[in-house]
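K.L.:
First to last, the sequence lines map onto chains A and C. Residue 4 in the numbering used here is what sits at position 4 of the first sequence, and the numbering runs on without skipping anything. Residue 44 in the numbering used here is what sits at position 44 of the second sequence, and the numbering runs on without skipping anything.
Simulated from the structure, these hints should not be mistaken for lab results. Heads up, some of the hints might be wrong.
Said to hold, decoys possible - In silico SDA-like cross-links for lysine to any residue, where the CA-CA straight-line distance does not exceed 25 Å:
#1 C/Lys23 - C/Thr11
#2 C/Lys31 - A/Leu12
#3 C/Lys23 - C/Phe174
#4 C/Lys31 - C/Ile76
#5 C/Lys23 - A/Leu12
#6 C/Lys31 - C/Thr11
#7 C/Lys23 - C/Arg44
#8 C/Lys31 - C/Trp7
#9 C/Lys23 - C/Gln52
#10 C/Lys23 - C/Glu194
#11 C/Lys31 - A/Arg29
#12 C/Lys23 - C/Leu45
#13 C/Lys31 - C/Ala9
#14 C/Lys31 - A/Arg25
#15 C/Lys31 - A/Phe27
#16 C/Lys31 - A/Gln95
#17 C/Lys31 - A/Gly28
#18 C/Lys31 - C/Tyr84
#19 C/Lys23 - C/Ile76
#20 C/Lys31 - C/Thr13
#21 C/Lys23 - C/Thr233
All figures in this text were calculated on a predicted structure; none of them were measured in a lab.
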Amino acid sequence: MERIEADMNTALMVDGNAVAGELQRIFGRDMTMAVARCAGCANEAEMGALMAFTRGPGVVLRCPACQAAIARIVETPSAIYLEARGATYLRLAAQS
Amino acid sequence: MQPLIEWQAGTVTEIRPETPQTKSFTLALPKWTAHRPGQHYDVRLTAPDGYQTQRSYSIASAPEQVGELELTVERIPDGEVSPYLHDVLVPGDQLEVRGPIGGYFVWEVGLGGPLLLVAGGSGIVPLMAMLRHRAAQRATLPARLLYSSRVPDGVIYRSELVQLSDRDHALELFFTFTRQAPEGWTGYRRRIDEAMLTEVIRPFEERARVYVCGPTLLVETVANALVRMGLPTELIRTERFGPTGS
Chain A
1 MERIEADMNT ALMVDGNAVA GELQRIFGRD MTMAVARCAG CANEAEMGAL
51 MAFTRGPGVV LRCPACQAAI ARIVETPSAI YLEARGATYL RLAAQS
Chain C
1 MQPLIEWQAG TVTEIRPETP QTKSFTLALP KWTAHRPGQH YDVRLTAPDG
51 YQTQRSYSIA SAPEQVGELE LTVERIPDGE VSPYLHDVLV PGDQLEVRGP
101 IGGYFVWEVG LGGPLLLVAG GSGIVPLMAM LRHRAAQRAT LPARLLYSSR
151 VPDGVIYRSE LVQLSDRDHA LELFFTFTRQ APEGWTGYRR RIDEAMLTEV
201 IRPFEERARV YVCGPTLLVE TVANALVRMG LPTELIRTER FGPTGS
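One chain only, chain C, in its complex shape:
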């Protein structure tokens, strides 16, 4: 039997800004269990009057980071939970969490590749857990990341991604910018479409394990395009996180 997942109080050990809209929160957990990359934790806040609200946040850290959990959270201006995490929480505070949760949107080195990861905005977070896990395991299976951002300073984990890719030729990065590209940018500058997916997946001969995470409309577009391109649906895993913030 799997153990029942219970709420536990994690202690915030570090808060790191990633972009103007996102921060990473590292928690030390008293009852830490190894997660599978792609899983999430639920975070619950309780007001003084007893009102409770909860949200699910993808795990950013690899399971190899024992005892700790890193969540990267985008600040949603009219949100109930993310403004508290961004504006109020400080290191040393406690945060109620339960997890790890979910067995559908997961990838481990043992599942093999090649691996195509497609992210929109903060949809990169569970995919980063997969890439960190892949690096920690020194896996050499080919992996490609196609990552769509609106603007250059919205790219989460940019320097770490570039470092990972610099020392690992089997990992290739493809960025696209939908609103404003960096100066002198020669890469993609449009929303992800079928032509872009076809180019990125070509060396894999249209056979890859594909993980798509982002705003619902981006995921719909990508998943429908992949199916039209003839990828077997059982190799495509999606995680939609609803409408975009703006």
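Only chain A is shown next, with the shape it has when bound in the complex:
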């Protein structure tokens, strides 16, 4: 997995951990340890470890293995849209 160091997109990338607040607001619990399975390559990764792109109008979460878009989050004045067709599933630990 070699990347070009000067790639601006890479430099702007943060971790899924950076959008933990948004995810927690949507799901009502911490999601950074929830596992997302990529619909493209079947890699499993904690949501906190996904590649997050937050500088656009909305947030895009990508698979750290194949870089496919796992989920997008967009907020409008009246609603939050979560599109997650890039995930086969999310696996959340049962809460006690």
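Since chain A is already given, all that's left is putting chain C on it; use the hints.
P.N.:
Below, chain C alone, put in the same frame as chain A:
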């Protein structure tokens, strides 16, 4: 169920300059809850016209500092939030925050060690929370910090780090300077690379819990090198904070 995180107004009790570009802000929180070292808070500013903007800042304090929260913030010249915090906020002011947030980039004494912390610039902040927590718990598990700065006066928490390490032989510090080193410096003076990581991790026999925080390109370099060195990926936790300020 975990409680929903809500916005609350903290009161600024102290503002302390750390370096020319960073300051630490201590807040008293009406609804304080103990955090896990490595977690962050979101800070929200609201303009008179209702425009809101928010940023995430790592917690610098240990959870043992009950009732208070310390955030260390680097001033980003064209930023929306950090110039306000640096140039306008004064003790006594209120600041809207929510947290603690995140369960991925966290370390507690109970998770054990040895512990390898790798920081670039203000990436030291969540790692400092871990070291302060480790000290507050009087933990003796081996810990090593590899901390990359551009210039000597960019080293955040320098005197506290040296104090911690002086009275605790299980904690060792490794500094590297990428632009200008202190006069007479005999340590590292280059960007963190695989050879440096190999030297720092050697006594741990390449088995350590590793936390890497800094600019995205530094984190990419370090994480890729650690994987090439054969460290199990499940022991490596990363937090990238995007491009560097300059």
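K.L.:
Has the given pair, C/Lys31 with A/Leu12, been kept, meaning a C-alpha gap of at most 25 Å?
P.N.:
violated, 33 Å
K.L.:
Within a Cα-Cα threshold of 25 Å, do C/Lys31 and C/Ile76 meet the stated pairing?
P.N.:
Violated: C/Lys31 and C/Ile76 sit about 29 Å apart, past 25 Å.
K.L.:
Is the straight-line distance between the alpha-carbon of C/Lys23 and that of C/Glu194 25 Å or less?
P.N.:
Given pair C/Lys23, C/Glu194 is violated - Cα atoms ~31 Å apart, limit 25 Å.
K.L.:
Measure nothing beyond the straight line between the CA atoms of C/Lys31 and A/Gly28; if it is 25 Å or shorter, mark the hint as holding.
P.N.:
holds, 18 Å
K.L.:
Tell me if the straight-line CA distance from C/Lys23 to C/Phe174 falls inside 25 Å.
P.N.:
Holds, because 23 Å separates the two Cα atoms, which is no more than 25 Å.
K.L.:
Under the criterion that the straight-line Cα-Cα distance not exceed 25 Å, is the pair C/Lys31, C/Thr11 satisfied?
P.N.:
Roughly 12 Å separates the two Cα atoms, so the pair holds.
K.L.:
Need the status of pair C/Lys23, C/Thr233: alpha-carbon distance at most 25 Å?
P.N.:
Violated, at roughly 33 Å.
K.L.:
Would you check the hint for C/Lys31 and C/Tyr84, treating anything up to 25 Å between C-alpha atoms as holding?
P.N.:
holds, 24 Å
K.L.:
Tell me if the straight-line CA distance from C/Lys23 to C/Ile76 falls inside 25 Å.
P.N.:
holds, 12 Å
K.L.:
Holds or violated: C/Lys31 with A/Arg29, Cα cutoff 25 Å?
P.N.:
holds, 18 Å
K.L.:
With the threshold set at 25 Å, check whether the alpha-carbon distance from C/Lys23 to C/Thr11 stays at or below it.
P.N.:
holds, 16 Å
K.L.:
Between C/Lys31 and C/Trp7, is the straight-line Cα distance small enough, at 25 Å or below?
P.N.:
At roughly 10 Å apart (the allowed maximum being 25 Å), C/Trp7 and C/Lys31 satisfy the hint.
Against the hints set out earlier in the document, violations occur for numbers 2, 4, 10, 21.
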